[in-house]
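K.L.:
Residue strings, one per chain:
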Amino acid sequence: MRIRVLAFARLRELLGFGVGELEVDDGATLEDVWARLARDAAGLGALRSSTRFAHNGALATGSTALSDGDEIALLPPVGGG
Amino acid sequence: MIGLTAQPLDVNAMVRAVQTHAHGAVATFLGTTRETSPGDPRPVVALEYEAYPAMAVEEMETIAREVRERFGPLEIAMLHRTGRVVLGEPSVAIVIAAPHRGPAFDACRYAIDELKSRVAVWKREVYRDGDAAWVENAPP
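Protein sequences, first through last, are from chains A and B. Numbers given in this note's numbering equal positions in the first sequence, counted from 1, plus 23. Numbers given in this note's numbering equal positions in the second sequence, counted from 1, plus 376.
FYI, nobody ran anything at the bench for these hints, they're computed from the structure. The reader is advised that the hints may include incorrect statements.
As the list claims (entries may be wrong) - Per label pair, the in silico range of CB-to-CB distance:
1. B:Leu463 x A:Glu54: 38 to 44 Å
2. A:Glu54 x B:Thr396: 48 to 54 Å
3. B:Ala401 x A:Gly43: 44 to 50 Å
4. B:Arg477 x A:Glu54: 45 to 51 Å
5. B:Asn388 x A:Asp49: 52 to 58 Å
6. A:Gly85 x B:Ala398: 46 to 52 Å
7. B:Arg485 x A:Arg27: 34 to 40 Å
8. B:Pro384 x A:Gly41: 47 to 53 Å
9. B:Asp386 x A:Gly41: 25 to 31 Å
10. A:Ser73 x B:Asp505: 22 to 28 Å
11. A:Glu44 x B:Gly448: 43 to 49 Å
12. A:Glu44 x B:Gly400: 52 to 58 Å
13. A:Ser73 x B:His397: 45 to 51 Å
14. A:Ala65 x B:Glu465: 33 to 39 Å
To be verified - Output of the computed footprint for chain B on chain A, the stretches with three or more beta carbons under 8 Å from beta carbons of chain B:
15. 24-34
16. 85-99
Said to hold, decoys possible - One-sided and incomplete, this derived list gives chain A residues near chain B with beta-carbon spacing under 8 Å:
17. Ala77
18. Gly103
19. Gly104
The beta-carbon is built from N, C-alpha and C at its ideal position, and this holds for glycine as well.
Model the full structure from these sequences, guided by the hints.
P.N.:
Have a look at this one:
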């Protein structure tokens, strides 16, 4: 199945993209996607504890199972204001 | 008037949007680009903001609802810049119109504190030497 991945700020720079499409296994969770991205992007894995996930525009936990066409977002600690 | 904009903030327009004859107090908070960084000795010349617009605006609207629930009948305008905000310019503006100054000040303080800890906006400091670094808000 195919999902859309959004990444912001430091995570966007480490991954090298702000918006991407990814082919993942059926039944994959947010944590699975993170693990796969962290394999290819040096320095990403160390940021897991400070990263929050969003699933179709709402905060979600790593165990959230994904469906074809879903949009996920990788959110570093915010810095507004 | 709640959301994100890439344009300079027009605080007077925000005041006009919220103030009515029911209001005896208007409190305004502006967060502006400061030259000194708590984490870096180099002078800051600008801040650059990016946002996840869908989540950021939804959270700002949630905060506005909370403000009305907690502080009574009032009107709120809340705008945050995206992109480059140079030294001295505001990146965020919150305007509260309330019957009296107490709730106006309290609501303004609540709104900026919550915005800084919850809204999906990120910033990096751009230094005079051209280098830049992401900076995160302290946890609440």
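K.L.:
Now, for every hint given, state plainly whether the structure supports it.
P.N.:
Verification of the supplied hints:
Between leucine 463 of chain B and glutamate 54 of chain A the C-beta distance comes to about 41 Å, which sits within the given range of 38 to 44 Å. Restraint check, glutamate 54 of chain A to threonine 396 of chain B: a C-beta distance of roughly 49 Å satisfies the suggested window 48 to 54 Å. Between alanine 401 of chain B and glycine 43 of chain A the beta carbon distance is about 48 Å. The supplied range of 44 to 50 Å therefore holds. For the pair arginine 477 of chain B and glutamate 54 of chain A, the beta carbons lie near 49 Å from each other, so the given range of 45 to 51 Å is met.
At roughly 55 Å, the beta carbons of asparagine 388 of chain B and aspartate 49 of chain A sit within the given window of 52 to 58 Å. Checked against the hint of 46 to 52 Å, the C-beta distance between glycine 85 of chain A and alanine 398 of chain B comes to roughly 47 Å, which is consistent with it. Between arginine 485 of chain B and arginine 27 of chain A the CB atoms are about 37 Å apart, so this pair conforms to the stated range of 34 to 40 Å. Between proline 384 of chain B and glycine 41 of chain A the Cβ separation comes to about 24 Å, which falls outside the hinted range of 47 to 53 Å.
Against the hinted window of 25 to 31 Å, the Cβ-Cβ separation of aspartate 386 of chain B and glycine 41 of chain A comes to about 28 Å, which satisfies the hint. Distance hint check for serine 73 of chain A and aspartate 505 of chain B: the Cβ-Cβ separation is about 27 Å, which falls inside the suggested range of 22 to 28 Å. For the hinted restraint 43 to 49 Å between glutamate 44 of chain A and glycine 448 of chain B, the CB-CB distance of approximately 47 Å keeps it satisfied. Between glutamate 44 of chain A and glycine 400 of chain B the CB atoms are about 54 Å apart, so this pair conforms to the stated range of 52 to 58 Å.
As the Cβ distance of serine 73 of chain A to histidine 397 of chain B is approximately 47 Å, the hint placing it in 45 to 51 Å holds. A hinted range of 33 to 39 Å holds for the C-beta pair alanine 65 of chain A and glutamate 465 of chain B, which are about 35 Å apart. Three residues within the 8 Å Cβ limit are the bar, and the region 24-34 of chain A against chain B gives 4, so the coverage statement holds. Counting residues of the region 85-99 of chain A whose CB falls under 8 Å from any CB of chain B gives 3; the rule of at least 3 is met.
Given hint, alanine 77 of chain A at the interface with chain B, holds; its Cβ is 6 Å from that chain's nearest Cβ, closer than 8 Å. With its C-beta approaching chain B no nearer than about 3 Å, glycine 103 of chain A sits inside the 8 Å limit, and its interface hint holds. Taking 8 Å as the C-beta cut-off, the interface hint given for glycine 104 of chain A holds, the closest approach to chain B being about 4 Å.
Figure legend: structure checked against the earlier numbered hints; the only hint not met is number 8.
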